[in-house]
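Work out the full structure, taking the sequences as your base and the hints as a guide.
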Amino acid sequence: MSFFLETLVGGLLAGVMYSLVAIGFVLIYKASGIFNFAQGSMVLFAALAFVTLREAGWDFVPALLVTLVVMVAGAIAIERFVLRALIGQSDLTLFMATLGLSFVIEGLAQLFMGASVHELNLGIDDIPIEVGPILVSQFDLLAAATAGALVISLSLFFNFTRIGISLRAIADDPLAAQSIGIRLPTLWRIVWGVAGLVALVAGLLWGARQGVQFSLTLVVLKALPVLIIGGFTSIGGAIVGGLLIGASESLAEIYLGDLLGGSVSTWFAYVVALAFLLIRPAGLFGDRAIERV
Amino acid sequence: MTALAAPAPPETVESPEVLRRWRVGPLAIAGLVLAFYALGFVVHDYWFNAILIPFLIMALAGLGLNLLTGYAGQASLGTGAFMSVGAFATYNVLLRLPDLPLPVSLVIGGLFGALAGVIFGLPSLRIKGFYLTASTLAAQFFLPWLFNQYGWFSNYTTSGSISAPKLVFLGADLSTPLGRYLLTLTSVVILTWLAWNLVTSQVGRNWMAIRDMDTAAAVAGIPIAFNKLASFAISSFIIAIAGALWAFAYLGTVDARSFDLDRSFTVLFIIIIGGMGSIAGAFIGSAFVILVPILISNVSANLFAGAIDAGQSENLQKILFGALIVYFLIKEPNGLYALLLRARRRLALWPLKS
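Top to bottom, those sequences are chains L and A. Following UniProt numbering, the numbering of the first sequence begins with 1 at its first residue and continues without gaps. Following UniProt numbering, the numbering of the second sequence begins with 1 at its first residue and continues without gaps.
Since the hints were derived computationally from the structure, they do not count as laboratory data. Positions of the beta carbon are idealized from the N, C-alpha and C atoms, including for glycine. Any given hint could be a false lead.
To be verified - From the structure, some residues in chain L lie toward chain A, with a derived Cβ separation under 10 Å:
no.	residue
1	L224
2	L260
3	V264
Right, dumping it as structure tokens:
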């Protein structure tokens, strides 16, 4: 039983990380209807930039701030040069554009900061601590707490501030929102900037766990099932979806993995998402019904 | 989420007298095909493997995806998976039923691909647009895992990779570069001809009606479910044959990893850059994704010889390729084929302005 619990908790903690990445998607999706494939490469870019600064002897806080400035500047550049030129194109075209963007960002990151694996030490010891009958990694707990704090502050920000309300107006009806004076480009810049911040936090936490390397970009592929389960437009949904995927994935790896011969986790999340699509296509918390025929 | 926006309608407002001279007739296409056959007997062996064979196979895969996405309006990111089905199914047919002639084995491999397409296309009956990509992504992650995991599919080779058996048809050995080229070219010509007939027939018009507005199509009496599944089946059939050719006529030895998500993205690039909903678009797009990286690497090798190492030039290529994609999407969202049509009209009316 305690083994089951440990697996479950481990999965839930990994799920928090999925949620973190998924939130970056939700924000951009709400503001512009884009499924931003470049989110994964933004995670890589942020983590690499931070590690490079740290290795050059910078202190923690300046390195963090400079990385953040770079991410926000990048977000503004993306809005100005790519998104603005693509207003009104189909979903698939926009998706492909972010795919092209992800090539550019990955290429830039590796061009300037190298392709080797970097150690990232955030100064948190990874000691297992006992919680009741089970062992939990201290690092995972802290990472989950950080992610949780970020998630809560973002939900508060987007639920109660003027910017957040504008965002919901845009998500609801872009044309009506613009006609009452909400500036879409400004909002896009803000949202992409925040997505850059989320990418930075996710990059640091993931990077500290598995090393800063190219495989960080693959996180993006886990975010799609998370979004389908949670609903594309709900921050809360992203959290719940992430937890569900994280937990079910690690349970499946343990209990189904032996049966089927291992590495079930590469596709399990998608099968869960597929089941959701067939039963509840809008996701748990999605607010827009998907058109059906 | 809106459904996939329809590609721009073909430019119908043409003044016949002027444009007739510029129309691509059946004669021109026959000439092009003959030229490609003739090309096989004049070029150096390097050309086959570096350019011609991958160009043709990727064009074929692009054609398959274009039927599904460009004509029937169903987005898919599972192209790589369906290619892998074709490769592994054809391999097993060749291995276990060695008496069958090669074309029959290829067709059987294609039929298995069609079956996989229908299975993973089933969610399209309930969901539309971008959400559908999740279903095809499930195929993309599940099928190559399946082929990698169970040794039976690769006849229990230790590496899990499959190698081309001897390619023989009517006593002719097709394992030489020229033979593989001719095999590929012939398959591409036949399948393209079939696809062309399909999209200009009632089936193709039904698909386009569903793509443009499925409710209206249903009201007009077009069976939606049947047509959607048919588009998945036929598209996957073509893609699976492309996968088998990729494995045996191009690479020779493959494992499931050669059909990863990147392969799916490449094919998607092909149809978006080339032009959604046009058969020529698949070929133009394929030429783009095959030739541009070669061009970039040659140029960078000559320009910066010695100045930057191989890893850096690979990064530069990646940046340039990504930037080109974004640039083309901004400049011509309907693909290079639309650009070509426009150029043709300008030329036809020259020196007048259209």
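Hints, one by one, checked against the model:
no.	hint	in the structure
1	L224	holds (6 Å)
2	L260	holds (7 Å)
3	V264	holds (8 Å)
In summary, this structure violates none of the numbered hints.
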